[in-house]
Amino acid sequence: MTPPPDNTLASVPQRSIFAHTDGAGGSLPSWAPYGAFVGALVFCAAVEAALGWFTIALMLVFGALVAIVAIYGWSRAVEGRRRAKDRAITMAIATAFGIAMAPLISLLYEVIKRGVAGINWDFFTTTSRGVVGGGGAEHAIVGTLIITACAAVISVPIGIMAAIYMNEYGRGPLRRALTFFVDVMTGIPSIVAGLFAYALFELFLGPGIQLGIMGSLALSVLMIPIVIRSAEEVLKIVPNHLREAAYALGTPKWKVIVKVVLPTAFAGLVTGVMLATARIIGETAPLLVTTGVIDSMNTDPFSGRMQNLAVYAYNEYRSPGVMKQASYDRAWAAALTLIAIVMILNVIARLVYRRYRTEIR
Amino acid sequence: MEGRKLKDMFGSQAKPQAEEGRAKMSPTGPVTETTSQAIGGAPARRAKTLEAKEVNLYYGDFHAVEGVNMTIEPNKVTALIGSSGCGKTTFLRSLNRMHELTPGASVKGDIALDGEDIYANGVDPVAVRRLIGMVFQQPNPFPTMSIYDNVAAGLNFNSSRIPKSDKDAVVERSLRGAHLWDEVKDRLDKPGSGLSGGQQQRLCIARATAVSPEVLLMDEPCSALDPVATLAIEDLIGELKKEYTIAIVTHNMQQASRASDITAFFNLDESGKPGHLVEIGPTDEIFTKPKQKETEDYVSGRFG
Amino acid sequence: MAQFDTTTNAGQLLAAASGGRRRRGDRIFSNTAVIAAVTILALLFGVAAFLVGEGLPALTASSSELPGHESFISYAAPLAFGTVLAGVLAMIIAVPLAVAVALFITHIAPPRIAMTLGYLVDLLAAIPSIIYGLWGIFVLGPAAVPVMKWLEEKLGFLPIFEGPASITGRTMLVVGLVLAVMILPIVSAIAREAFSQTPRKLQEGAQALGATRWEMIRTTVLPFGKSSVISGSMLGLGRALGETMAVAIILSVSGGVSFNLISQANPSTIAANVALNFPESSGLAINLLIATGLVLFAITLATNFLARLIIARSETE
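Residue numbers (this note's numbering), protein chains in the order written: chain A, 27 to 387; chain B, 5 to 308; chain C, 180 to 496.
Don't read these hints as lab results, they were simulated from the structure. You may find that some hints are simply not true.
[Unchecked claim] Restricting the straight-line Cα-Cα distance to at most 25 angstroms, the calculated cross-link-like pairs of lysine-lysine (PhoX-like) are:
hint, chain 1, residue 1, chain 2, residue 2
1, A, K111, C, K328
2, A, K111, B, K171
3, B, K277, B, K297
4, B, K168, A, K111
5, B, K194, C, K328
6, B, K194, C, K333
7, B, K57, B, K295
[As the list claims (entries may be wrong)] Estimated spans, in silico, between C-beta atoms of each pair:
hint, chain 1, residue 1, chain 2, residue 2, range
8, A, L377, C, A256, 43 to 51 angstroms
9, C, V267, A, R381, 42 to 50 angstroms
10, A, V284, C, V436, 54 to 62 angstroms
11, C, G435, A, P289, 58 to 66 angstroms
12, C, L334, B, G64, 50 to 58 angstroms
13, A, G61, B, S227, 41 to 49 angstroms
14, A, G61, B, F66, 31 to 39 angstroms
Every residue, glycine too, gets a C-beta built ideally from N, C-alpha and C.
Make the full structure from the sequences, and use the hints.
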């Protein structure tokens, strides 16, 4: 039997039973991680200033490392080893996230900054034909639109029908095999797709031919698997009871698909197609090989080379004209235009999805 | 909400009878030192008391549980019963600070382990959970670890290089304590997922006791098990209470009447309203002469 | 096919409804669908077939006929080496970062902003590769020059940092970094998916034992997501192996096999080599390039195949 408790408010402050056994048994304030980081930045900035090599990037990187060590030490003393390790690793992970975001920020910043230098009225309204050291990207912009549109015309029907086959008609092993092959197809390098299109046309038309439509074919090879995967996902989500309700009314299978499944999945399909388009619109390599480089406007995909934004940007960089900086500016401007188109497509895709999706309960 | 540093909670207090319909406290009398032999022949350990005062639990703005006042007595099994959705699991999870892991969830009120507020400022939930362990409805041994490593998992967190012989001793003690040692002693390095449901649950119990907690919370530990395994676990619980304070949520009234010393009945007035504690008392009283009509209706099967 | 008793009204109706037009519609539609599916397979095998067809002349030609007067193997081997070197370097840099990013989004960042953060990381994948190339050569390369100098000074005894450090930044190290940024979103998306699907009961089991957040992640989330991370890494590797423009623009090529990551003299990659030489090539030279394309196709096929195999195997567990 233990003696009756001493009820007077005690003498010796006892350690909480919840205190960790190493460390002082306390706890860091909730602002501790941020405080450690800011403190570390200040410290690094001071060191850099003293040594004379101040750069923001270095300060951030070293600051993060110092902060991790600092929070570990501080927490170790106050809270104990396990908590300290947890805090340090959490901070390291957050730092890694910051590092991953840095290129994105830098990229967008640089593209906008440098691209804006090349954007002017000429850029959008003139071609490179007959111009030395100047000109614009009108032919490239038009070319990109035409080539991409043709690629979509080829890919979308094939892709969606294949997805319909796999989802509505396919059975067990055949369907699994197809899914597997489609997955493998998503891994085809873009240059290989370009070489394939070139080789195909070389067989029929002889060597050295470069046409807009060849580029579209190459892009299709890349686009089809993307369309199939996203269409499959969307078709899968259409609940079976909708199909069954239609069947029960005596509707033939193809009508069920066309009149019930596709409309329900419509928004998702459109989104998938737009996202696939955004993905391939920036592809350069296959177009280098298939559509070539050309200075003047060509709107016929079946005859002659066609310029496009991505190859144009590459070309302005690779073979700058007499005025190097102007060419580089145009390259960046083309890059900026390309990113803008991609972003717009992405945004529209998501808006379309939100606006048109049918709420399935 | 200051943590009281002194143990002035020795023995139970006679709590004033609260208004009817809420927070009825039926003290079981002063808690005596139990001198029964614990498992393994060591002298029994006096486990700690868990006391809840005016506990209100929220999920965001939704008031899930209101005004719970109860004491979970050491070296006894307290069963929490009631129909589904009445907040007994939510309340149980607030006792080891698992409730707050749900995004938006919050706790108001005091919960104290031997007088120390577990929600006090600066108390590390990790430390609380070391002292207040939990066994779940679905047995959840870590699938990528062997049986040995599963039991030792809690010890391994504290990777301050515990000598292997000490670890072996703890693993054996825990597995014996969970009545699993004989069945697995020859395959300690096999994965934990290769056992039957009942064995997995005993493994989880061994894992929970390996870190020497004061309190063991069990959330419907037998509901995923067959009747034979269930009985084995209930026997085990009867042994475990010699060392630990045990609270068990169960929707099975027979289990509550078989396996517990104290029963607490939770109920909901209607769906959307918060759950509350209707009555708490010695198990045989709750089941034979309950004080509240709601309790009587429930235990006699008129609803739930 | 059911035969209906056409002596009754019902029988006549059913017989009329189950033949003719409707079945034709169904057949046309399903045939179209099958054709589409077959087209896919045809495309895949077609790619392989045409590459073999057009590459064969170069594969079977003797060294004296090939441009540069070297055998196919000695032409393609350094390219293959460069391709794999760049890809593996990218993977080494990207995978730990991607795992950390995935953990950050699924377990550390507040849930309300987690979705936005995921979207930001995925944005990296939407950026066309030509832009990565321009960024690499105009921005990252020059910024990396002092770092490479430092590496040469301090760690120059390692063969990978032997130097002399390039002054333009057009090195394998910078290429590896850019490729890593390009494949980060792929690996991280797969890792995120896996980490967020770690069963709650496992995570709670660890937490109830008194584990800190990192201990819980270490014991439950990471082992659970291990196979997904591996397969995601291989998919990322496959992407890096096939990347053309970023390498073509950034890398300063001199052809030899070398592990030196910070010098001006680098082996090219297959894809970049094709991009750089194709426009000015003709005849057998083109066949040669196509043949190297075949080699690349084989390498990426194998990598992706392996990755999908790992995914398939882990899904059956």
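Taking 31 to 39 angstroms as the hint, is the beta-carbon distance of G61 (chain A) and F66 (chain B) inside that range? holds, 35 angstroms
Distance restraint hint 42 to 50 angstroms, applied to the beta-carbon atoms of V267 (chain C) and R381 (chain A): Hint holds: Cβ distance 44 angstroms, inside 42 to 50 angstroms.
Restraint status (C-alpha distance of K277 (chain B) to K297 (chain B) at most 25 angstroms): Holds - the C-alpha atoms of K297 (chain B) and K277 (chain B) are around 19 angstroms apart, at most 25 angstroms.
Quickly compare the C-alpha distance for K168 (chain B) and K111 (chain A) to 25 angstroms and report which way the hint goes. Within the cut-off at roughly 23 angstroms; holds.
Does the hinted range 43 to 51 angstroms hold for L377 (chain A) and A256 (chain C) at CB? Since L377 (chain A) and A256 (chain C) have Cβ atoms about 50 angstroms apart, the given range 43 to 51 angstroms holds.
Taking only the CA atoms, is the gap from K194 (chain B) to K333 (chain C) under or equal to 25 angstroms? violated, 48 angstroms
Would you mind confirming whether the straight-line C-alpha gap from K57 (chain B) to K295 (chain B) stays at or under 25 angstroms? holds, 21 angstroms
Given a hint of 58 to 66 angstroms, does the C-beta separation of G435 (chain C) and P289 (chain A) actually sit inside it? For G435 (chain C) and P289 (chain A) the Cβ distance comes to about 60 angstroms; the hint holds.
Straight-line Cα separation of K194 (chain B) and K328 (chain C) no greater than 25 angstroms? Distance of about 52 angstroms is beyond 25 angstroms: violated.
Restraint check for K111 (chain A) with K328 (chain C), where alpha carbons must lie at most 25 angstroms apart: Not satisfied, since the Cα-Cα distance of roughly 34 angstroms exceeds 25 angstroms.
Does 50 to 58 angstroms hold as the CB distance between L334 (chain C) and G64 (chain B), or does it fail? holds, 53 angstroms
Per the hint of 54 to 62 angstroms, is the separation of the Cβ atoms of V284 (chain A) and V436 (chain C) within bounds? Roughly 57 angstroms apart at Cβ, these two residues keep to the hinted range, so it holds.
Of the numbered hints given earlier, the model fails hints 1, 5, 6; all others are met.
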